[in-house]
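Novice: Here are the chains, one letter per residue:
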Amino acid sequence: KAGVTQTPRYLIKTRGQQVTLSCSPISGHRSVSWYQQTPGQGLQFLFEYFSETQRNKGNFPGRFSGRQFSNSRSEMNVSTLELGDSALYLCASSLGSYANYGYTFGSGTRLTVV
Amino acid sequence: AQTVTQSQPEMSVQEAETVTLSCTYDTSENNYYLFWYKQPPSRQMILVIRQEAYKQQNATENRFSVNFQKAAKSFSLKISDSQLGDTAMYFCAFMKHKGISNFGNEKLTFGTGTRLTIIP
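As they're listed, the protein sequences go chains A and B.
For the first sequence, our numbering gives the first residue as 1, with consecutive numbering after it.
For the second sequence, our numbering gives the first residue as 1, with consecutive numbering after it.
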């Protein structure tokens, strides 16, 4: 079956602009989480969505937001981009059921802010 | 809050040898999961192995096995008969167990990673 699909793979934006990243989870997975990966801060949790509701949120400013659609696809948005937002953004999906088997990750979107 | 520590930033080993990656964690939780993920240059995080804290038996997946010491809060990964394709960043991660009535998933807390190079 298809894995977690993230689009686009690469993105270059100018400081002050906004950006939207997309994630399509594995079919049947209802939980989608987003992580930011940078050389300095490592992997940090952004937020998690289940059944179109944000269930958990990390320590990021309000410029970072997300949503989940009825088909479980998710988008994250970053407004007023800063140079420090340059990172690899990883999406991960899971069943979200009681039996927790961990996450399956996508290949990420590499965002560069110039 | 949980913390995960990987004290070996880089390691290298000859092909076919055995290598052990270290991971320690700190938590006040009693029920949780521990994972090892591999991130090759392709960037995708790949699940290597998973351990449930309530299980005393160490998890094994083919050439990969763990040494889980709950009291010591240690979770090391052993790779046997290492192969060139094992070259990657390896991340140890912690996730607390969510309650039976909770939906969704808990977040993963990652260590800083160990860059493993397999030398031909």
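Hints listed in this document are in silico derivations from the structure and should not be mistaken for laboratory results.
Misleading hints may appear alongside valid ones.
What the hints assert, rightly or not - No more than 27 Å apart at the CA atoms, straight line, and that leaves these computed lysine-lysine pairs for DSS-like:
id, chain 1, residue 1, chain 2, residue 2
1, A, Lys-57, A, Lys-13
2, B, Lys-55, B, Lys-73
3, A, Lys-57, B, Lys-96
4, A, Lys-57, B, Lys-73
5, B, Lys-98, A, Lys-57
6, B, Lys-78, B, Lys-96
7, B, Lys-70, B, Lys-55
8, B, Lys-78, B, Lys-55
9, B, Lys-55, B, Lys-96
Said to hold, decoys possible - Taking beta-carbon pairs under 10 Å as the criterion, some of the chain A residues facing chain B (in silico):
id, residue
10, Arg-9
11, Ser-27
12, Gly-28
13, Ser-31
14, Glu-48
15, Phe-60
16, Pro-61
17, Arg-63
18, Phe-64
19, Asn-77
20, Ala-92
21, Gly-102
22, Phe-105
Here a beta-carbon is modelled for each residue, glycine too, at the ideal position from N, C-alpha and C.
Novice: State for each hint whether it applies.
Specialist: Hint check results:
1. Under the criterion of a C-alpha separation no larger than 27 Å, the hint pairing Lys-57(A) with Lys-13(A) is consistent with the structure, at around 25 Å.
2. Restraint check for Lys-55(B) and Lys-73(B): satisfied, since their Cα atoms lie roughly 14 Å apart, inside the 27 Å limit.
3. In summary, the hint linking Lys-57(A) to Lys-96(B) is supported, as the alpha carbons are separated by about 15 Å, within the 27 Å threshold.
4. With a C-alpha separation of about 26 Å, the suggested pairing of Lys-57(A) with Lys-73(B) holds against the 27 Å cut-off.
5. Of the pairs offered as hints, the one joining Lys-98(B) and Lys-57(A) holds, with about 15 Å between alpha carbons and a cut-off of 27 Å not exceeded.
6. The straight-line distance between the Cα atoms of Lys-78(B) and Lys-96(B) is roughly 23 Å, inside the 27 Å bound, and the hint therefore holds.
7. Only pairs whose Cα atoms come within 27 Å are accepted, and Lys-70(B) paired with Lys-55(B) is accepted, the gap being roughly 10 Å.
8. Among the hinted pairs, Lys-78(B) with Lys-55(B) is consistent with the structure: their alpha-carbon atoms are about 18 Å apart, no more than 27 Å.
9. A hinted pair counts as satisfied when its Cα atoms are at most 27 Å apart, and Lys-55(B) with Lys-96(B) qualifies at roughly 14 Å.
10. With a least beta-carbon distance of about 9 Å to chain B, the hint placing Arg-9(A) at the interface is held under the 10 Å criterion.
11. Checking Ser-27(A) against chain B by beta carbon gives a least distance of about 17 Å; that is not within 10 Å, so the hint is violated.
12. Taking 10 Å as the C-beta cut-off, the interface hint given for Gly-28(A) is violated, the closest approach to chain B being about 14 Å.
13. At about 4 Å, the closest approach between the beta carbon of Ser-31(A) and any beta carbon in chain B falls short of 10 Å, and the interface hint on this residue holds.
14. Interface restraint check for Glu-48(A): the shortest CB-CB distance to chain B comes to about 6 Å, inside 10 Å, so the restraint holds.
15. At about 12 Å, the closest approach between the beta carbon of Phe-60(A) and any beta carbon in chain B exceeds 10 Å, and the interface hint on this residue is violated.
16. Taken as an interface hint, Pro-61(A) does not check out: its beta carbon lies about 18 Å from the nearest beta carbon of chain B, beyond 10 Å.
17. For Arg-63(A), the interface hint is violated, the least distance from its beta-carbon to any beta-carbon of chain B being 20 Å, above 10 Å.
18. Taken as an interface hint, Phe-64(A) does not check out: its beta carbon lies about 15 Å from the nearest beta carbon of chain B, beyond 10 Å.
19. With its C-beta approaching chain B no nearer than about 20 Å, Asn-77(A) sits outside the 10 Å limit, and its interface hint is violated.
20. Because the closest C-beta pair between Ala-92(A) and chain B is about 7 Å apart, less than 10 Å, the hint holds.
21. Interface hint at Gly-102(A): satisfied, since its Cβ lies 5 Å from the closest Cβ of chain B, which is below the 10 Å cut-off.
22. Using the Cβ-Cβ criterion of 10 Å, the hint placing Phe-105(A) at the interface with chain B is satisfied: the shortest such distance is roughly 4 Å.
Going down the numbered hints, you'll see the structure goes against 11, 12, 15, 16, 17, 18 and 19, while the others check out.
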